[in-house]
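With the hints as extra help, turn the sequences into a complete structure.
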Amino acid sequence: KAGVTQTPRYLIKTRGQQVTLSCSPISGHRSVSWYQQTPGQGLQFLFEYFSETQRNKGNFPGRFSGRQFSNSRSEMNVSTLELGDSALYLCASSLGMGYNEQFFGPGTRLTVL
Amino acid sequence: QQQVKQSPQSLIVQKGGIPIINCAYENTAFDYFPWYQQFPGKGPALLIAIRPDVSEKKEGRFTISFNKSAKQFSLHIMDSQPGDSATYFCAAETSGSRLTFGEGTQLTVNP
Chain E
163 KAGVTQTPRY
173 LIKTRGQQVT
183 LSCSPISGHR
193 SVSWYQQTPG
203 QGLQFLFEYF
213 SETQRNKGNF
223 PGRFSGRQFS
233 NSRSEMNVST
243 LELGDSALYL
253 CASSLGMGYN
263 EQFFGPGTRL
273 TVL
Chain B
2 QQQVKQSPQS
12 LIVQKGGIPI
22 INCAYENTAF
32 DYFPWYQQFP
42 GKGPALLIAI
52 RPDVSEKKEG
62 RFTISFNKSA
72 KQFSLHIMDS
82 QPGDSATYFC
92 AAETSGSRLT
102 FGEGTQLTVN
112 P
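As you go down the protein sequences, you meet chains E and B in turn. So the first sequence is residues 163 to 275, counted in the numbering used here. So the second sequence is residues 2 to 112, counted in the numbering used here.
If you are wondering where the hints come from, they were derived from the structure by calculation, not from laboratory data. We put the CB at the ideal spot given by N, CA and C, even for glycine. Treat each hint with caution, since some may be false.
Unchecked claim - Here are some, though not all, of the chain E residues that point toward chain B, as calculated from beta-carbon distances under 10 Å:
id, residue
1, V166
2, Q168
3, Y197
4, F207
5, F209
6, E210
7, N218
8, K219
9, C253
10, A254
11, N262
12, E263
13, F265
14, F266
15, P268
Below is the structure:
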């Protein structure tokens, strides 16, 4: 069974631009969560989607948003990029609500110049 | 209250040694405690996980010890190998919700 896939793997943007990242969960998994990983802040939860609905949201500004499609694929968007948004953005999938095991993708490395 | 504290920040052992990584939490609502292993350029990979109703879980060379009263849990790696060199994260979760991660431990196993 294929793992979690994320596209693109690397992205370079400039301040003020916006970016969309994509995540395809493991087949059969219906829950998708997004995390931001930086050297200074570590791994921080962004949001979680299940059945196309945001179920949980971390402490990030409104510039960070996401959505989930009917096939469970998810996208996250960051608008008005800031230098501090440079990070590895990780997507994790799980079977669904009440199932704990989350499996991570390889991440998208975003660099903001 | 949502934090998970992890130590040490880095750890160097010789091949065959038993590195131990410790984590502590405050939120008693946490009911699932996984450990993740991350290699450079890769996403975290689920290694082993435990629930608070058991005090120890072993999978291969990896063992989690859990102390509910102390709100602490630890990862032991038996017979460590150079291929185990990676960053290890503990985490905690409540009822299938968000994962709260520790700060990470960079483990180096020397040949």
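Evaluated hints:
1. V166: 8 Å, holds
2. Q168: Check passed: Cβ of E/Q168 comes within 8 Å of chain B, closer than 10 Å.
3. Y197: 8 Å, holds
4. F207: At about 4 Å, which falls below the 10 Å cut-off, the nearest Cβ of chain B leaves the hint on E/F207 intact, so it holds.
5. F209: 9 Å, holds
6. E210: 6 Å, holds
7. N218: 5 Å, holds
8. K219: 9 Å, holds
9. C253: 8 Å, holds
10. A254: 8 Å, holds
11. N262: 4 Å, holds
12. E263: For E/E263, the interface hint holds, since the closest Cβ of chain B sits about 6 Å away, which is under 10 Å.
13. F265: 6 Å, holds
14. F266: Where the cut-off is 10 Å and the nearest Cβ of chain B is about 4 Å from E/F266, the hint holds.
15. P268: 5 Å, holds
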